[in-house]
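A.B. asks: Sequence:
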Amino acid sequence: MADFSKIKLDFPILKQKINGRRLVYLDSAATSQKPRHVIDAEKEFYETINANVARSVHYLSEKATEAYETSRKRVADFINSDENEIIFVRNTTEAINLIANCLDFKKDDEIITTIMEHHSNLVPWQVICEKTGAKLK
-16 MADFSKIKLD FPILKQKING RRLVYLDSAA TSQKPRHVID AEKEFYETIN ANVARSVHYL
44 SEKATEAYET SRKRVADFIN SDENEIIFVR NTTEAINLIA NCLDFKKDDE IITTIMEHHS
104 NLVPWQVICE KTGAKLK
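Numbering follows the working numbering, with no gaps: position 89 of the sequence shown is 72.
If you are wondering where the hints come from, they were derived from the structure by calculation, not from laboratory data.
Be aware that a few hints might be false.
To be verified - Here are the simulated DSSO-like cross-link-like pairs (lysine-lysine), alpha carbons at most 27 angstroms apart as the crow flies:
1. Lys90 x Lys46
2. Lys46 x Lys0
3. Lys56 x Lys89
4. Lys17 x Lys56
5. Lys(-9) x Lys46
6. Lys0 x Lys17
7. Lys26 x Lys56
8. Lys0 x Lys26
9. Lys17 x Lys(-2)
10. Lys(-11) x Lys17
11. Lys(-11) x Lys26
12. Lys56 x Lys46
13. Lys118 x Lys90
14. Lys90 x Lys56
15. Lys120 x Lys89
16. Lys46 x Lys26
17. Lys46 x Lys89
18. Lys114 x Lys90
19. Lys(-11) x Lys0
Note that the structure is predicted; figures quoted are calculated from it, not measured.
Generate coordinates for the entire structure from the input sequences, incorporating the hints supplied.
C.D. replies: Right, dumping it as structure tokens:
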């Protein structure tokens, strides 16, 4: 079982107190907090190879592209997938919209979800249903 008190120590932002109480952050759907190793890796990227990925042929761009593609391979290996099946997006909302708009829904198709969904996983399906005549259940 995970020791969450140890995991929390990896998140610098959670060390602060608000109104005398330790910060508890529960809005990860909007912005997820970063552990120290992610902050350090991003800092190193911005300080050493910050450049457009796959859009130029200069040294920094090639290094940034190499790092990006290495990340894709690591994710693919971690979930036992092919690299060409990994798509990086900015957030879950963007991913849901991408998926919703790539599927070929037709009139009377059914999209099944729950009443507990965050709006970012409800509104795209509502829009698809309005456009296609599919039914949201």
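A.B. asks: Against this structure, judge whether each hint is valid.
C.D. replies: Do the hints match the structure? See the list:
no., hint, in the structure
1, Lys90 x Lys46, "47 angstroms, violated"
2, Lys46 x Lys0, "39 angstroms, violated"
3, Lys56 x Lys89, "35 angstroms, violated"
4, Lys17 x Lys56, "21 angstroms, holds"
5, Lys(-9) x Lys46, "32 angstroms, violated"
6, Lys0 x Lys17, "17 angstroms, holds"
7, Lys26 x Lys56, "21 angstroms, holds"
8, Lys0 x Lys26, "25 angstroms, holds"
9, Lys17 x Lys(-2), "13 angstroms, holds"
10, Lys(-11) x Lys17, "15 angstroms, holds"
11, Lys(-11) x Lys26, "23 angstroms, holds"
12, Lys56 x Lys46, "15 angstroms, holds"
13, Lys118 x Lys90, "8 angstroms, holds"
14, Lys90 x Lys56, "38 angstroms, violated"
15, Lys120 x Lys89, "15 angstroms, holds"
16, Lys46 x Lys26, "15 angstroms, holds"
17, Lys46 x Lys89, "44 angstroms, violated"
18, Lys114 x Lys90, "9 angstroms, holds"
19, Lys(-11) x Lys0, "18 angstroms, holds"
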